[in-house]
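**Q** In case you want the letters, here they are:
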Amino acid sequence: MSSTPIGPNKRKIVLQLAAGGLFGFVSAMAVTRALPHLDQPTSPGAAALIAIGLIYAIMGLFVGLGVAFPGLGARLLNVVDRDDLADQRAILTGSAVSCISLGLALILLALAGPEGQVSNVLAIGTLAFALILTTAITVLQWRRYDELMRGISLEASAFMAGIAFPAIVLWAAFSQTGLAGPIDPLGLVAVLAGAMLVATFIAAGRRGLLLPQ
Amino acid sequence: MENRLKELREAAGYSQGELARRLGVSRQTINAVETDKYDPSLPLALRLARLFGVAVPDIFIDQWEPEA
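Chains as they are written, first to last, in the working numbering: chain H, 1 to 213; chain G, 1 to 68.
I should point out that these hints are in silico values taken from the structure, not numbers from a laboratory.
Just so we're clear, the structure is a prediction, and the values are computed from it rather than from any experiment.
Think of the CB as a built atom: it goes at the ideal place given N, C-alpha and C, for glycine as much as any other residue.
Heads up, a few of these hints could be off.
Facing chain H, from chain G, some residues (calculated, C-beta under 7 angstroms) [as the list claims (entries may be wrong)]:
id : residue
1  : Q28
2  : A32
3  : T35
4  : Q63
When you get a sec, could you build the whole thing from the sequences and use the hints?
**A** Here it is in structure tokens:
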């Protein structure tokens, strides 16, 4: 019996998937333990927002670790080598900071409220800080982007509208006709944040950025 | 759009990163053009043509024919 050798690209994909899965699992467990009531959100919208927030935060942590440790990052992130990682360092750092701050802010928002598990001031303060920080990073990054990244960014925004609009309209229609629960604010934020995530992956994938480098 | 960028780049002895640096774009942009995932802007196409000393239609192959 012969076995086909695994090429460098396939090895890298397997390593990225394994590391991503393990890192995601460990991070999710760590957050769940740090916030003991995380598994008892107040509404389905809050549960969805916690899940989306975790994805943002874990993605950001993963990229941030890759940037902080270039040797590891060159193997775990979708870059050619350390030089390629160094070229993208500023953009990746900005993305990591944005994702972590937004992810944490969304989680805290979901855990706040009249009977929430975190203080409303902390949740609102963190969210305001994350939004200001993300806006500032986006403006600074836009100046660094070349034409491909600008195109992807604009496409992602268009895809986001294309995903979020029908999702929200359908939810409203089902809610109005009694087929679904009412639209709640946290659910709405979860739909928008989730749509942005999916839209960004679609836009980047269309330009080949998700292919193994 | 189909193109000969990879062929021209390799003939000139540039890596994707080196070509990107010379053109002031990211390596991902060069990779996306070479793999037909992205059609560059007109200014970038003109810079590519100038760098390789060829005409734009020598790099990018458009199959379109005008209707009779």
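**Q** Each hint needs a verdict: does it hold in this structure or not?
**A** Right, here's what the structure says about each hint:
no., hint, in the structure
1, Q28, "holds, 6 angstroms"
2, A32, "holds, 5 angstroms"
3, T35, "holds, 5 angstroms"
4, Q63, "violated, 21 angstroms"
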